[in-house]
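Residue numbers (my numbering), protein chains in the order written: chain V, 374 to 669; chain E, 1174 to 1485.
Read the hints as simulated data drawn from the structure, not as lab findings.
Certain hints may be false.
DSBU-like, lysine-lysine: derived pairs with alpha carbons at most 30 Å apart [stated by the list, open to error]:
1. Lys-458/V to Lys-1294/E
2. Lys-1403/E to Lys-458/V
3. Lys-1415/E to Lys-1403/E
4. Lys-1415/E to Lys-1294/E
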Amino acid sequence: MTELLQQLINALALGAIYALIALGYTMVYGVLRFINFAHSDVFMVGAFAGYFLARPLGSGSVLSGVLVLLGAMVICALLGVIIEKLAYRPLRGRSTLTVLITAIGVSLLLQNLGQHVFGANPRSFPALFPVHQFHLGELVVSSAQLMVFAVAIVLLFLLRHIVLHTRTGIAMRALSFNPVAASLVGVNNDRVISFTFALGSALAAAGGILYASNYPSIDPLMGTLPGMKAFVAAVLGGIGNIAGAAVGGLVLGLVETTVVALGGSTYRDAVAFAVLILILLLRPEGLLGRRIAEKV
Amino acid sequence: MPARPQLVLLGALLLIAVLAAFSGGANPYFLDIAVSCGINVTLAVSLNLINGYTGQFSLGHAGFMGVGAYVAAVLTTLYGAPLLALAGGQGWLLFLAALLAGGMAAALAGLIVGVPSLRLKGDYLAIVTLGFGEIIRVVLQNIDAVGGPRGLIGIPAYANLAWAFGLAAICIYVVWAMVHSTWGRGFLAVADDEIAAEAMGINSTRYKITAFLVGAFFAGLAGGVYAHFKQYIAPQGFGFDKSIEIVVMVILGGMGNTLGVIAAAILLTVLGESLRQFGDYRMILYSLLIIVLMILRPQGLFRWPGRGRTRP
């Protein structure tokens, strides 16, 4: 029983990180209808930004940890906006395939620039937050896991507030519903899209730092697998659906941890893709998605 | 299209045989690049059938190549002795059989990927094929009999220039002939507008499966030739990076433009070798190339005016 609960805690921590990254995929898909392949590398940049910010800002206290987190989020938000402006905006209105290939190009560019600038060797990520193991009976919860829960919950509620109750959030939803109609009623589509990229990239940065706090080794290619899995989480929950991304992340974390606990750890990376293929076969609209009739 | 493509194929094969016969004294470095060109042309042209002519988007072509490479290599390496006896001691016969077996296995993998992916389009299909490619890699890494992550060593060197170029010629011929046949117009119809094609009575599902099947088959053959030329294969060599490399060849050449794709495959193979001295910058240039190309020339580098198909 303790074993089960312990695995559940681990699964939720992993799932919460997936959920944070998945939100970026889902929001961008919501407004632009394409998969931002580069998102997983923004996640990587977030982790590296945390690594370099931790030097001047210090690490080991809650305050400095939060400062590093916020700093990395701002850096990645800027990066997201720049990527959108330079690479995706010129392609507005082109076929999905063109944009998709460009996104793969941006992803490769970030990875290779990362390898050039940061070096290909893994670096060990500093402990940003105070390190402590909390014992609840026989259960062990690390402070890094607690931070995951705290940050994820705060960010999710913040995001919910932004999307549901601010003017920009309403504009985002209008844009995702119908871009032409949105611009007709005065929504500045370009600005809303920039904002969406900023928001999604900031969440990816938070995900990157939390991931690096739990698995403290970072390298320029670290984003690929978590990014893929987060994308699977977004599809699992229903892509374009914000609550779905959160649910999908948690479910995927559970499934992956279960497989590892059952002894299939060498197959852990294949699990996510198996889930993806199953969900696309059985329920392509995702757990919380709506089925949309195709118009001719 | 030439009037008699079969004759062109025969001529090409003859030329290759003559070329190969005189390649014995050639510089091994150049020979290596030439064989790589042949393999990459096969991979790119076969992917062009899926991504270009049929308008699907597969990101797992290296996975199919890996299946073919491993099946063929296992047959000639681990079961080499009894099978060679069965083939009457003829190495080329064993190699041919192993190649075909690898191609079949890859085609089967293509079928397994293709059937469930058919209801998906564009980016979803890309992700699922990518996922399948990664699953193949992970599974290969977990099979200890073929060396796991260390890779498979000691593969007999059956392949040479003639095999690589011959395969490329046959692949080009098959894809070209298929797409330019009356029946093959269905591929283009599916790519242009699937709904309209369906309304015209074209079974789009069948065309898509056929494209996946044939594309994967040739990728498997290319993998087999690759394995028996390099004499060493490892799962990492058939990962996402290789798939991207093939996709870039197709994009650069222009999707659905066989001649362009051949030119791009050769260009990138040679360029990749000559840029090796720049190390890191090579991949940075590569990725910048993709982005700039997509923004400025999404139809590919090689699109002659008035020739080939135009796409909106």
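Violated constraints from the hint list, given by number and in increasing order: 2
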